[in-house]
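Chemist: One-letter residues, chain by chain:
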Amino acid sequence: MNIFEFTILVAAGSFLAGLLGSLTGLGGGVVLVPLLTLFFKVDIRYAIGASLVSVIATSSGAAAAYVKEGFSNIRIGMFLEIATTFGALVGAFLAAFISTKALAVIFGLMLLYSAYLSRKPRPRAERNLPSDPLATRLRMNGSFPSEEGGMRQYNVQRVPTGFSLMFGAGALSGLLGIGSGAVKVLAMDQAMKIPFKVSTTTSNFMIGVTAAASAGVYLNRGYVDPGLAMPVMIGVLAGSLLGARILVKAETKVLRLVFSVVIAVLGIQMLYKGFTGGI
Amino acid sequence: MAEIETRAFTDQKLENMVGNLLRAGVSLSALVVSLGGVIYLARHGREPASYHVFHGEPSDLKSLGGIVRYAFAFRGRGIIQLGLLLLIATPVFRVALSIWGFAEEHDRMYMIFTGIVLIVLLYSLLGSGSAF
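Going down the list, the sequences are from chains R and G.
Just so it is clear: in the first sequence, position 35 is 35 by our numbering, and no numbers are missing.
Just so it is clear: in the second sequence, position 75 is 75 by our numbering, and no numbers are missing.
Everything labelled a hint here was simulated from the structure, so no lab data went into it.
In this text the structure is predicted, and so the values were computed from the model without any measurement.
Glycine included, C-beta positions come from ideal geometry on N, C-alpha and C.
Each statement offered as a hint is correct.
Covered stretches of chain R (chain G as the covering partner; in silico rule of three or more C-beta atoms under 8 Å from a C-beta of chain G):
1. 3–10
2. 42–55
3. 82–93
4. 205–215
5. 223–233
Partial list, computed: chain R residues near chain G (C-beta under 10 Å):
6. ARG75
7. LEU219
8. ALA238
Use the sequences and the hints to build the structure in full.
Modeler: Listed below in structure tokens is the structure:
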């Protein structure tokens with residue numbers, strides 16, 4: 001395969017990853033690294049570097065659309081970014097000391113967890129919960145345009161739990177070069193009880209800042225290859241922009257099912273490759 | 001009540017500015033990366049692709065100064081890398097803009113939160129090279 005063919009194929013695969021990642025709120029990075037390492041036989045460190053860069057593009061591109069729709073909450077995002085950026089630095093630092101096999105295994109576990117999480121039925125959104133006093137002090141409670149029309153108010157729960165989970169999300173992001181959308185949605189959906197569309201879009205919004213915190217480290221370390229990152233970034237960006245347009249209108253139930261199956265299969269393959277040393 | 005409405009309005013304004021900044025940063029970077037990509041493919045498209053073995057990037061493609069030098073020599077890979085740098089810088093600018101926005105709202109608490117995030121980001125981009 002020459003560089004031209006390789007570029008076209010990688011761009012096409014990245015487009016799909018970006019589209020699915022944006023539609024499901026799980027981020028494109030989570031399928032990108034397995035795609036690059038398993039199908040294109042790219043070294044996992046190059047794959048992580050390219051993925052990290054593309055994650056910034058996905059997040060920023062999609063977030064540009066969301067913030068204007070009034071879904072994302074800039075205060076929740078800003079506060080939790082303290083946790084994610086510190087976590088991202090720690091993760092990027094750790095990545096230098098971990099073997100590629102171990103990276104593959106951790107990645108596989110992360111994929112299986114993401115797949116499990118996206119299948120778990122989301123508890124019916126509880127409305128009119130009392131606010132966590134800390135959330136009130138931090139002025140995190142907000143409103144968003146609801147399906148029934150008009151604005152819907154929401155109150156934020158369990159801020160410290162959400163903050164701790166976000167540190168973990170940041171560390172995984174820096175270690176694996178993914179947006180860690182799954183962990184972020186877990187923190188905001190489950191722990192903080194933020195309405196789904198608000199948490200998905202705010203998470204998307206935060207991912208860029210989190211990824212930038214570790215991308216600097218990766219660039220300085222020589223893990224970002226321009227020839228690989230170029231088709232990955234352009235492809236993911238185009239896919240995620242299309243995904244963001246659909247998300248505002250679409251019901252994502254079926255897609256989450258399909259995507260979770262894909263993620264689980266990739267997770268098993270990453271685990272297998274990590275244990276057998278084929279990575 | 002009036003106070004709440006003022007804050008909501010300013011938050012919305014800030015969110016719009018952030019949205020515009022993100023769009024501009026990503027568009028510019030995509031443009032630069034594409035330009036570099038065209039040059040790179042025109043010159044190297046027929047060579048065999050090999051990413052299976054990890055070499056790490058040459059030092060010119062790792063540091064800010066090296067990337068700028070490479071890009072202005074009109075080398076495809078250097079221009080791509082410059083575009084990627086713009087992309088990484090976009091969230092950093094976004095955070096800086098948010099500090100300004102919170103200052104406009106006289107929200108000292110969120111200025112501090114945002115300032116902490118900005119320091120972490122700048123350290124990663126500029127300070128981490130020597131640390132690792």
